[in-house]
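Number of protein chains: 2
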Amino acid sequence: MGHPDLAAEAHSPGALSRMTIPDVILRLPDWVAAFMADQPQTCPGIEQRMEMAVALARKNVERGTGGPFGAVVFERDTGRWIGLGVNLVTRLNCSLFHAEMVALALTQARLGTFDLAAHGRYQLVSSCEPCAMCLGAIGWAGVCSVVCGARDEDARAVGFDEGDKPAGWPAALKRRGIDIVQDVLRDRAVEVLGLYAARGGPIYNPRRP
Amino acid sequence: MGHPDLAAEAHSPGALSRMTIPDVILRLPDWVAAFMADQPQTCPGIEQRMEMAVALARKNVERGTGGPFGAVVFERDTGRWIGLGVNLVTRLNCSLFHAEMVALALTQARLGTFDLAAHGRYQLVSSCEPCAMCLGAIGWAGVCSVVCGARDEDARAVGFDEGDKPAGWPAALKRRGIDIVQDVLRDRAVEVLGLYAARGGPIYNPRRP
Numbered sequence: 001m002g003h004p005d006l007a008a009e010a011h012s013p014g015a016l017s018r019m020t021i022p023d024v025i026l027r028l029p030d031w032v033a034a035f036m037a038d039q040p041q042t043c044p045g046i047e048q049r050m051e052m053a054v055a056l057a058r059k060n061v062e063r064g065t066g067g068p069f070g071a072v073v074f075e076r077d078t079g080r081w082i083g084l085g086v087n088l089v090t091r092l093n094c095s096l097f098h099a100e101m102v103a104l105a106l107t108q109a110r111l112g113t114f115d116l117a118a119h120g121r122y123q124l125v126s127s128c129e130p131c132a133m134c135l136g137a138i139g140w141a142g143v144c145s146v147v148c149g150a151r152d153e154d155a156r157a158v159g160f161d162e163g164d165k166p167a168g169w170p171a172a173l174k175r176r177g178i179d180i181v182q183d184v185l186r187d188r189a190v191e192v193l194g195l196y197a198a199r200g201g202p203i204y205n206p207r208r209p
Numbered sequence: 001m002g003h004p005d006l007a008a009e010a011h012s013p014g015a016l017s018r019m020t021i022p023d024v025i026l027r028l029p030d031w032v033a034a035f036m037a038d039q040p041q042t043c044p045g046i047e048q049r050m051e052m053a054v055a056l057a058r059k060n061v062e063r064g065t066g067g068p069f070g071a072v073v074f075e076r077d078t079g080r081w082i083g084l085g086v087n088l089v090t091r092l093n094c095s096l097f098h099a100e101m102v103a104l105a106l107t108q109a110r111l112g113t114f115d116l117a118a119h120g121r122y123q124l125v126s127s128c129e130p131c132a133m134c135l136g137a138i139g140w141a142g143v144c145s146v147v148c149g150a151r152d153e154d155a156r157a158v159g160f161d162e163g164d165k166p167a168g169w170p171a172a173l174k175r176r177g178i179d180i181v182q183d184v185l186r187d188r189a190v191e192v193l194g195l196y197a198a199r200g201g202p203i204y205n206p207r208r209p
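Top line first, the protein sequences correspond to chains W and Y.
What the first sequence shows, in my numbering, is residues 1 to 209, in sequence order.
What the second sequence shows, in my numbering, is residues 1 to 209, in sequence order.
One thing to keep in mind: the hints can contain errors.
Claimed, not checked - Negatives, chain W to chain Y, calculated, CB over 12 Å: (1) I46; (2) R91; (3) V158; (4) G159; (5) D179; (6) V181; (7) G194; (8) A198.
To be verified - According to the in silico footprint, chain W covers these stretches of chain Y (three or more CB under 8 Å from chain W): (9) 65-74; (10) 90-104.
Just so you know, the hints here were simulated from the structure itself, not pulled from any lab data.
Predicted model, so just to flag it, every value in this text is computed and none were measured.
C-beta: ideal position from N, C-alpha, C; glycine also.
Kindly produce the complete structure, drawing on both the sequences and the hints.
As structure tokens, then:
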């Protein structure tokens, strides 16, 4: 408790208004502009696509802007990237802002749709397997393909919690018409997790049970 | 495809920049200000808390600002409400913005933390059981209690998909130290689902498998 604005509100009956709930603004860190300018417009191969996701994760650690996770949304067939994300949980004070969530939300904003499937065939490439929340979000976003680098056990090995995912979740994605490819450049993705741990980066969702 | 801005970018090599990925702004509809002004500052009883969540869901349908779902975050012990949300998927073109996600993000923004548990004991009261994504998000947000109105089967009955939730998810929440109370004012919450269906509201996440 003890938040100053809340304390002030408590002493001002009737002061509660829409203004007291601030908007949430999802904005990428400034370094991302230069990062994007350095990328090719298209990444034909799956490893090239993962290189971009892992590079985002690494840069996010090096710049101190969040957790060791990056994700990119590509047009599946052309390899053109449309949106991207990094983990911004600590930076933006929002537990929703995992890299995959940021990439999906920004891609939808760019394309002006809440259902990417209505727009084309999109692939989410993530430096790590999705946690329980991101896995659920993948089902709603309208992507037809997911590519992962590190395994969820790699994330758990450095202290992150991945949540309670349904048993056999890759098969469940496939039943929904969403392809999944695992272990793409896994070693390179795991290196970034190790870098974060070595730097003492905060583990914002520690295993609590 | 055929999005005009993207088409223009395709003909301007090098034009891809941070500016081409717009920020995502999570903002409540304007009617919420008057709604909040009408609420008591605290709701001591669990049914009174659910009344607020269901009233939000109903108003969201009546105003045409989104799906038939509402959620409120309360200080668990005092019943003071801190943040709230309604489903904004279609309004904001973002598949992440379920009512629970909106309520959790806005509460965290208001309190300036990505972990509500570090701040106090908070309870999420939702007019419907969480989908797979929201269930995952509940694990990260730092709430210690969840209260639900309608069952997920009620949401499915009007056409919504709830995603692949782990078997025994209420017990899994409890293992994480998160209490769950189900079926609070379930009939009233189901009424709002029916109202939405009767008005022909869009089912933005239809069952695709």
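Hint by hint, here is what the structure shows:
1. The claim that W/I46 is not at the interface with chain Y holds, since no C-beta of that chain comes within 12 Å of its own (minimum 21 Å).
2. Non-interface call for W/R91 relative to chain Y: violated, since the shortest CB-CB distance, roughly 9 Å, does not exceed 12 Å.
3. Every beta carbon of chain Y lies more than 12 Å from that of W/V158, the smallest distance being close to 17 Å; the non-interface claim holds.
4. No Cβ of chain Y approaches the Cβ of W/G159 within 12 Å, the least distance being about 14 Å, so the stated non-interface status holds.
5. Against the 12 Å criterion, W/D179 stays outside the reach of chain Y, whose nearest CB is about 14 Å from its own CB.
6. With a minimum CB-CB distance of about 19 Å to chain Y, W/V181 clears the 12 Å threshold, and the non-interface call stands.
7. For W/G194, the requirement that its beta carbon stay farther than 12 Å from each beta carbon of chain Y is met, with the minimum near 23 Å.
8. Here W/A198 stays apart from chain Y, with its beta-carbon at least about 22 Å from theirs, past the 12 Å limit.
9. Under the rule that three or more residues need a Cβ within less than 8 Å of chain W, the assignment of the stretch 65-74 of chain Y is violated, with 0 such residues.
10. With 8 residues carrying a beta carbon less than 8 Å from a beta carbon of chain W, the stretch 90-104 of chain Y meets the three-residue requirement, and the given coverage holds.
Checked against the numbered hints above, the structure breaks hints 2, 9 and satisfies the rest.
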